[in-house]
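Q: Mind docking chain C on chain F? Use the hints.
Line by line, the protein sequences are chains F and C. For what it's worth, my numbering labels the leading residue of the first sequence as 1, then goes sequentially. For what it's worth, my numbering labels the leading residue of the second sequence as 1, then goes sequentially.
Note that these hints are calculated values from the structure, not bench results. Glycine included, C-beta positions come from ideal geometry on N, C-alpha and C. Accuracy of the hints is not assured; some may be wrong.
Said to hold, decoys possible - In silico SDA-like cross-links for lysine to any residue, where the CA-CA straight-line distance does not exceed 25 Å: (1) C/Lys96 x F/Glu36; (2) F/Lys228 x C/Lys96; (3) F/Lys10 x C/Gly30; (4) C/Lys91 x F/Ile102; (5) C/Lys96 x F/Ala133; (6) C/Lys96 x C/Arg135; (7) C/Lys88 x F/Arg28; (8) C/Lys91 x F/Lys228; (9) C/Lys233 x C/Glu249; (10) C/Lys96 x C/Tyr205; (11) F/Lys50 x F/Phe198; (12) F/Lys228 x C/Lys88; (13) F/Lys10 x C/Asp108.
Said to hold, decoys possible - Not close to chain C: a few residues of chain F, all C-beta gaps over 12 Å, as computed: (14) Arg42; (15) Thr58; (16) Phe164; (17) Ser188.
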Amino acid sequence: MAGEALPGYKRWLEDTGDQVDFFASFFRNLFRGGFEWSEFVRQCYEMGYKSLTLVGVTSFIMGVVLTLQSRPTLVKFGADSMLPLMVCVSIVREIGPVITAIICAGKLSSGIGAELGSMKVTEQIDAMDVSGANPMQYLVVTRILATTFMIPLLTMIGDVIALFGGFVAVNLADSTSWTLYFNKCVNSITFVDLLPAFVKTIFFGFAVGFVGCYKGYNSNSGTESVGKAANSAVVNASLWIFFLDVLAVQITQLLFY
Amino acid sequence: MKQADRANHKSPDATETVVEMQNVHKSFDGNDVLKDISLKLRRGENLVILGRSGQGKSVTIKCIVGMLTQDEGAVTVLGEDVAELNDKELKELRIKVGFLFQSGALYDSMTVRENLEFPLTRVLKMRDQDEIDQRVTEVLDSVGLADAIDKMPSELSGGMRKRVGLARTLIVHPEIMLYDEPTTGLDPITSREISDLILQMQKKYKTSSIIITHDMECAEIIADRMLVLNEGKFIAEGTYKELEKSDNEFVRSFFK
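Pulled out of the complex, with its shape left as it was, chain F reads as follows:
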């Protein structure tokens, strides 16, 4: 009630403070001991394995479309032999990590937000807390860690599938052997392309899990707030992914170029 009466900037400051507190609480509980291994493995399966088809199909289409769209421009300059290089660098450095993370923001962050939001509304989180168990450790730490581990893994798999999609698209217009295409791809990327791309997916994964958990765990009472939690989890996680991406590009430029 009072929250509604507060001016926008005060609400924003209050929410930021709560997020910082939630962030600190995550790390406190992470190192507290009594880690929930079985729940962590279950979440990895639910979030990682069960997202594989979605990420795979999207990555394949992304690889095909990127290749088909880029080819005419490169042909104009007589540089069509550079197509595998361009597709590979684009996918590994930027498109693969960002698209996979955005897909996961839509699927996982909203799922976590809705699940925890509904647990909050039906007093399940309160019941866990009041019984002497630790809901932060059981619900939040496991989910954030699962997304932090699974999104880099999904990105790597997605990158390979997208490159295969590129190979299929190249062969729609031209004829290239898998060995030649694969060699050109591998020769085109370096450590400087792989490392920053991999590191940023860890942060994307953390953001997806963290935002979903924060929005769900702190949702208000009432069924309406479950929908709001899921919705704002997607929006905020997506924004965080783009913000972290810009930051990652800047840091990579400073360190490696």
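A: Relative to chain F, chain C alone:
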């Protein structure tokens, strides 16, 4: 089972106070919910808090278990000042204080068995599966739901969910039980069954209980003593029979 049948339920140390609230005041956004309330729960006693919706009944028991912190006054549970406890001490205290939510608050992604195992493995840190199975079976038998052990909460009726919620709370053998409207939303027959079950469980597990309700039949079955809450204050105290004959019009209106 009515009051007269329950004279021998209380334990020998029935004079010991297990919960005490002294001059507790609690407000939300400037709106006073609890105004200087005091209560005592003695060991083995069933204390019913009666009142209309939105009068602060749930806030009262949430202060007892540390889910809410009072603005003024003191809440002492089993000799510990709840507001002074750190996280670890509060968790230890909460093991001794069971809380049954109005909805039962079963974990809906887990089966009944997993719901019951959860406090044993996470709170009591039990590792011996045979011992865990034994406790689960025993408590499910007590609430008459041994057949529902592998069911999901979504497959249970409202009354069954309350029974499983009660079993999950009792499985850690708490000394004190707090019930938040245990019969709300149930038909009269199931309400009576739940009220009888609460009484049986109190006898079996020797708990002291505070029951929040506005169900008069439940109050008649369970209460050793009753407090009536109105506008953030206790306005009457006594047994069911005493309050039934109260001079206060508001108190008497519950019995009509």
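Q: Decide, hint by hint, whether the structure agrees.
A: Hints versus structure:
1. C/Lys96 x F/Glu36: holds (23 Å)
2. F/Lys228 x C/Lys96: violated (36 Å)
3. F/Lys10 x C/Gly30: Status holds; Cα separation ~19 Å.
4. C/Lys91 x F/Ile102: violated (38 Å)
5. C/Lys96 x F/Ala133: holds (13 Å)
6. C/Lys96 x C/Arg135: holds (17 Å)
7. C/Lys88 x F/Arg28: holds (13 Å)
8. C/Lys91 x F/Lys228: Violated - the C-alpha atoms of F/Lys228 and C/Lys91 are around 31 Å apart, more than 25 Å.
9. C/Lys233 x C/Glu249: Status holds; Cα separation ~16 Å.
10. C/Lys96 x C/Tyr205: Holds, at roughly 12 Å.
11. F/Lys50 x F/Phe198: holds (21 Å)
12. F/Lys228 x C/Lys88: violated (33 Å)
13. F/Lys10 x C/Asp108: violated (36 Å)
14. Arg42: violated (10 Å)
15. Thr58: holds (27 Å)
16. Phe164: Answer for F/Phe164: holds, closest chain C Cβ roughly 36 Å.
17. Ser188: At roughly 45 Å from the nearest Cβ of chain C, F/Ser188 sits farther out than 12 Å, so the non-interface label holds.
Against the hints set out earlier in the document, violations occur for numbers 2, 4, 8, 12, 13 and 14.
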